[in-house]
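First to last, the protein sequences are chains A and B. In terms of full-length UniProt numbering, the first sequence is numbered consecutively and its last residue is 228. In terms of full-length UniProt numbering, the second sequence is numbered consecutively and its last residue is 109.
Treat each hint with caution, since some may be false.
Pairwise CB distance ranges (calculated) [claimed, not checked]:
hint : chain 1 : residue 1 : chain 2 : residue 2 : range
1    : B       : S80       : A       : K61       : 56 to 66 Å
2    : B       : N78       : A       : L59       : 48 to 58 Å
3    : A       : R48       : B       : V86       : 42 to 52 Å
4    : B       : V20       : A       : N211      : 50 to 60 Å
5    : B       : E82       : A       : T29       : 18 to 28 Å
6    : A       : T29       : B       : S80       : 19 to 29 Å
7    : B       : I10       : A       : T29       : 18 to 28 Å
8    : B       : E82       : A       : K61       : 53 to 63 Å
9    : B       : I10       : A       : K5        : 15 to 25 Å
10   : B       : L102      : A       : R48       : 17 to 27 Å
11   : B       : E82       : A       : R8        : 53 to 63 Å
12   : B       : S80       : A       : E55       : 42 to 52 Å
13   : A       : T29       : B       : N78       : 16 to 26 Å
Once the Cα atoms are required to be at most 30 Å apart in a straight line, the calculated DSS-like pairs of lysine-lysine come out as [unchecked claim]:
hint : chain 1 : residue 1 : chain 2 : residue 2
14   : A       : K5        : B       : K97
15   : B       : K109      : B       : K97
16   : A       : K217      : A       : K60
17   : B       : K109      : A       : K5
18   : B       : K108      : A       : K5
19   : B       : K28       : B       : K46
20   : A       : K65       : A       : K54
21   : B       : K46       : B       : K109
22   : A       : K220      : A       : K65
23   : B       : K28       : B       : K109
24   : A       : K220      : A       : K102
25   : B       : K46       : A       : K5
What the simulated footprint calls covered on chain A by chain B, stretch by stretch (three residues with Cβ under 8 Å from a Cβ of chain B suffice, anywhere in the stretch; the number is not a length) [to be verified]:
hint : stretch
26   : 18-27
27   : 148-158
These aren't lab readings, by the way, just hints derived from the structure by calculation. Don't be surprised by glycine CBs; every beta carbon is placed ideally from N, CA and C.
Spelled out, the chains give:
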Amino acid sequence: MLSRKSNRISIILACFVLGFMMAIQFHSTQNSFKYSTQYQRTEELSQRLLATEKERDALKKQTEKMSQDKNAGLIDAQLIEAGATEVTGPGIVVTVEDSSKKTAANENANLYIIHDEDMLRIVNELRAAGAEAISINGQRVVATTEIRCAGPTVSVNNERSAPPFVIQAIGEADTMENAMKMRGGVMDTLSVWGIKVNIDKKTQMTLPSYNRGSDFKYAKSVEKGDTQ
Amino acid sequence: MIFAIISLIIGAIVGYFCNVTIPGEYSKLFSVALLAGFDAVFGGLKAVFIDTFDNINFLLGFFLNTILAVLMVFLGDNLSIELYYVVLFVFALRIFKNLSYLRHRLIKK
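Let's have the full structure, built from the sequences with the hints guiding it.
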């Protein structure tokens, strides 16, 4: 039966068509992933990511150029004063931590935690001792910086942070340390309540630049001799 | 037997290098057609063993079954009746039946 030529041809034909269809189906299944919505979405997102990264790089370059232009007219002292650049130099690191003392039943727990007033006193003392640049928990303290109570945290440059507070100050390290440890001074007062103040002298440290925009809406500068 | 397998492989190679892809919405129909083709070939194989192989019948069965299966699934899709599973079930059942028959035959020999 099978030996007849036409039978053989018909079987070959059928098998050929079958194999052809199998291969196509296999191919389609392999490729169907490419046409799925998830795949397309991934493609689209990665494209967008690339575009955004390019834009970011361009903007970074632009800000770099602009900050160079902006700082061009200022002298070094003005840059440090305004916090426009990172500064480096010797100084001290003051770490302030909440008290670990147990609160007595009839005492106010508020006495044992750090307040914005304590921070202000420390910063004030450091400035009096000749600190040239100060930062609190990575926020540079400049002329417009506030140190303010914000619930259980302290807000500096509108950035809240919780204890422990790390205050870095660049200046004459010995003078600042002595100012802090003065009898009846800041550390003396705080240690009564068990608040831990730790002072660390550093020969080299870097303070970050002021990272907020300085956009003055109301204050306008007046040229010399141009008073109203 | 051997030339059937060889032609199957050649068909597969040709199909693979043709680089044709079925769009997603038709892949369901195509898979049914593929199964119908399998069924027809196994049916033919069985017919060869019991010496009732008829050339015209085999070819007609191969193509008509395929087309009919595709039409059925297409119709079912449009009438929202899941005939796809029915067709798959019937063809798979027949393939297994034919295979088991062939196995019996081969072992007896």
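| Lying within 53 to 63 Å: is that true of the beta-carbon distance B:E82 to A:R8? | Taking Cβ atoms as reference, B:E82 and A:R8 lie about 39 Å apart, which means the hint is violated.
| request: Look at the Cβ atoms of A:T29 and B:N78 and judge whether their distance stays inside 16 to 26 Å. | output: 24 Å, holds
| query | Using the C-beta atoms of A:R48 and B:V86, is the stated range 42 to 52 Å upheld? | reply | Since the Cβ atoms of A:R48 and B:V86 sit about 45 Å apart, the hinted range of 42 to 52 Å holds.
| said: Would the hint linking A:K217 and A:K60 be met if the CA-CA limit is 30 Å? | reply: Holds: A:K217 and A:K60 sit about 25 Å apart, inside 30 Å.
| message | Run the distance test for A:K65 versus A:K54: straight-line Cα separation, threshold 30 Å. | response | 17 Å, holds
| B:V20 versus A:N211 beta-carbon gap, inside 50 to 60 Å or not | Given a distance of about 59 Å, which is inside 50 to 60 Å, the answer is holds.
| task | Could you see if the CB distance from B:E82 to A:K61 stays within 53 to 63 Å? | result | About 59 Å separates the Cβ atoms of B:E82 and A:K61, which means 53 to 63 Å holds.
| field | Pair hint A:K220 and A:K102, alpha-carbon separation not exceeding 30 Å | value | Cα-Cα ~52 Å, so violated.
| task | Sort out whether A:K65 lies within 30 Å of A:K220, counting only the CA atoms. | result | With Cα atoms ~25 Å apart, A:K220 and A:K65 stay inside 30 Å; holds.
| Taking a Cβ-to-Cβ distance below 8 Å as contact, does the stretch 18-27 of chain A have at least three residues touching chain B? | holds (count 10)
| request: Could you say whether the range 18 to 28 Å given as a hint is met by the Cβ separation of B:I10 and A:T29? | output: 21 Å, holds
| query | Under the criterion that the straight-line Cα-Cα distance not exceed 30 Å, is the pair B:K28, B:K46 satisfied? | reply | Measuring from Cα to Cα gives roughly 27 Å; hence the hint holds.
Of the numbered hints stated above, those contradicted by the structure are hints 10, 11, 23, 24, 27, listed in ascending order.
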